[in-house]
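Trainee: So you can see what is in the structure, the chains are spelled out below.
Number of protein chains: 2
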Amino acid sequence: MKLKRSSRLVDMTGYLLQRPHQIISLSTFSERYGSAKSSISEDLGIIKENFESQGTGRLVTIAGASGGVKYIPYMEMSDAKELMSLLSGQLSQSDRLLPGGYLYMTDILGQPFYINAIGRMISAVYSKDAIDVVMTMETKGIPLAYAVASQFNVPVVIVRRSSKVTEGSTVSINYVSGSSKRIQTMVLPRRSLTPGSKVLIIDDFMKAGGTMKGMANLLQEFDAEVAGMAVFVETKDKAPKLIDGYLSLLKLSMTEQEQSFAIELGNVFNYYSLEEKI
Amino acid sequence: MKLKRSSRLVDMTGYLLQRPHQIISLSTFSERYGSAKSSISEDLGIIKENFESQGTGRLVTIAGASGGVKYIPYMEMSDAKELMSLLSGQLSQSDRLLPGGYLYMTDILGQPFYINAIGRMISAVYSKDAIDVVMTMETKGIPLAYAVASQFNVPVVIVRRSSKVTEGSTVSINYVSGSSKRIQTMVLPRRSLTPGSKVLIIDDFMKAGGTMKGMANLLQEFDAEVAGMAVFVETKDKAPKLIDGYLSLLKLSMTEQEQSFAIELGNVFNYYSLEEKI
Chain C
1 MKLKRSSRLV
11 DMTGYLLQRP
21 HQIISLSTFS
31 ERYGSAKSSI
41 SEDLGIIKEN
51 FESQGTGRLV
61 TIAGASGGVK
71 YIPYMEMSDA
81 KELMSLLSGQ
91 LSQSDRLLPG
101 GYLYMTDILG
111 QPFYINAIGR
121 MISAVYSKDA
131 IDVVMTMETK
141 GIPLAYAVAS
151 QFNVPVVIVR
161 RSSKVTEGST
171 VSINYVSGSS
181 KRIQTMVLPR
191 RSLTPGSKVL
201 IIDDFMKAGG
211 TMKGMANLLQ
221 EFDAEVAGMA
231 VFVETKDKAP
241 KLIDGYLSLL
251 KLSMTEQEQS
261 FAIELGNVFN
271 YYSLEEKI
Chain P
1 MKLKRSSRLV
11 DMTGYLLQRP
21 HQIISLSTFS
31 ERYGSAKSSI
41 SEDLGIIKEN
51 FESQGTGRLV
61 TIAGASGGVK
71 YIPYMEMSDA
81 KELMSLLSGQ
91 LSQSDRLLPG
101 GYLYMTDILG
111 QPFYINAIGR
121 MISAVYSKDA
131 IDVVMTMETK
141 GIPLAYAVAS
151 QFNVPVVIVR
161 RSSKVTEGST
171 VSINYVSGSS
181 KRIQTMVLPR
191 RSLTPGSKVL
201 IIDDFMKAGG
211 TMKGMANLLQ
221 EFDAEVAGMA
231 VFVETKDKAP
241 KLIDGYLSLL
251 KLSMTEQEQS
261 FAIELGNVFN
271 YYSLEEKI
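Heads up: the sequence lines are chains C and P, in that order. Mapping the first sequence onto UniProt numbering, position 225 (from 1) lands on 225, and the numbers just tick up by one. Mapping the second sequence onto UniProt numbering, position 173 (from 1) lands on 173, and the numbers just tick up by one.
Honestly, the hints are just simulated from the structure, not real lab data. Among the hints, a few may not be true.
The list treats identical chains as interchangeable, and a pair is accepted whether it falls inside one copy or across any two copies.
Said to hold, decoys possible - The calculated SDA-like cross-link candidates involving lysine to any residue, where the alpha carbons are at most 25 Å apart (straight line), are:
#, residue 1, residue 2
1, Lys4, Lys128
2, Lys236, Ile173
3, Lys251, Gly228
4, Lys2, Ser53
5, Lys4, Glu76
6, Lys181, Leu265
7, Lys213, Thr139
8, Lys2, Leu59
Taking the hints into account, I'd like the entire structure generated from these sequences.
Mentor: What follows is the structure in structure tokens.
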């Protein structure tokens, strides 16, 4: 089918946005639209300029026989700050406080629009890193893990608390929960990770960091490595966390008797500011 | 910022694709680009024509003071058939057979590209229905539920097997698992559903249908109603299912001794064919 430039631009934009971090050859587009590669190159120039000026992401050209273009999602710092202020406003509502120093976040984590935006923001920090897999622990971290993985176009592996008949043989480790001090188990299907995989660990909430540390240890059993760790909300405590080098978007602090709380920014913008402007 | 038509088309396409089922006024775009509404209308005409000819979805114009345009995602039947043939090929690999008549699908359900495509396909069937919420049971149905919910721009609620401290007060019911005949519990946070909500129930796998039926019963406790039910894979059994009126994408049949299996199409294209061409 032969398309005009205006229609090609609409279609290519959708095509690229659906295939982040994937090299797409000029031939793919020139065959799809029955257009010369020179026209396709001009189209890509227009898209690149728009994506970069609007902060949607970068469009990187890869030279050579297996070359093409690759869309790398990004989120401008100003958009990220706006998102954080929106979310911290919502999370600060007083009826969210639950016994045990927890915060009701289920409704926020249930909104695809928020989850996808948070996922794009986390992926922006790691956008120049090689990420092969995103990992999380069931249950509440799963949506965010998928949102991040969608931006990298890589698979998600879900660590479970016990092995399931639907997952075949598994590898399990014991770990100590940092906040409850109890020994717990985490389990991952044997075929879910190949050795050498670079894994980005994602979770929705972190207290002492025991679960995060457990996931990092579990990776060693698969000869895989930690490429990054990010949580949506961490608690602000006097005691040091069991891990470091993680990214947190927001931070929850609780008064002594857990009667009131406050939400502040996590450490995310320390990492953001190290990124050069796209 | 004033943008040229070509750059506006790129930006509007991304803007609309990120906001399905949401009414966007012409003023939003004309302010965003510093362009006259007449130019914006022409741009939308180009996008509409491309979306509809490529099967991306419909662009519906809503008249009146609160009017604008709304993007409704779709997937052409030919693309849906191609997706099903790809997935049934992958699922037919013999090493996927697990004890108990289960199939290893964790790797497929871990790929955002597949999950998002399956989500778009399911949303295409219900694209003309009013959907307020997507519901699923933890754990493996969660990614698919989010993929569907993203297409409708509605929240997801996750039913759990036991109540969690992080979710506040809950409503729970007992139900009988259709395949194991055991009494089980399902739990949903009290604040997760408002009365009258139209709920699309999603799951990855269905044997007898006990879980699906349990979720439908749970909705009654919230005075909410079932707007639809869809599963990725159902089993093909002699015994009738505990529910009807559900959609299945693929069907798994097992030999008597569970030594081999086959994947065939589910009932999805019966529903698809009722849809007029967009």
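Trainee: Now, for every hint given, state plainly whether the structure supports it.
Mentor: Results of checking the hints against the structure:
1. Lys4 x Lys128: Neither: 34 Å inside a copy, 30 Å across copies.
2. Lys236 x Ile173: neither (27 Å within a copy, 36 Å between copies)
3. Lys251 x Gly228: within (18 Å within a copy, 38 Å between copies)
4. Lys2 x Ser53: between (29 Å within a copy, 12 Å between copies)
5. Lys4 x Glu76: between (31 Å within a copy, 22 Å between copies)
6. Lys181 x Leu265: neither (27 Å within a copy, 49 Å between copies)
7. Lys213 x Thr139: both (17 Å within a copy, 22 Å between copies)
8. Lys2 x Leu59: both (24 Å within a copy, 22 Å between copies)
In summary, the numbered hints that this structure violates are 1, 2 and 6.
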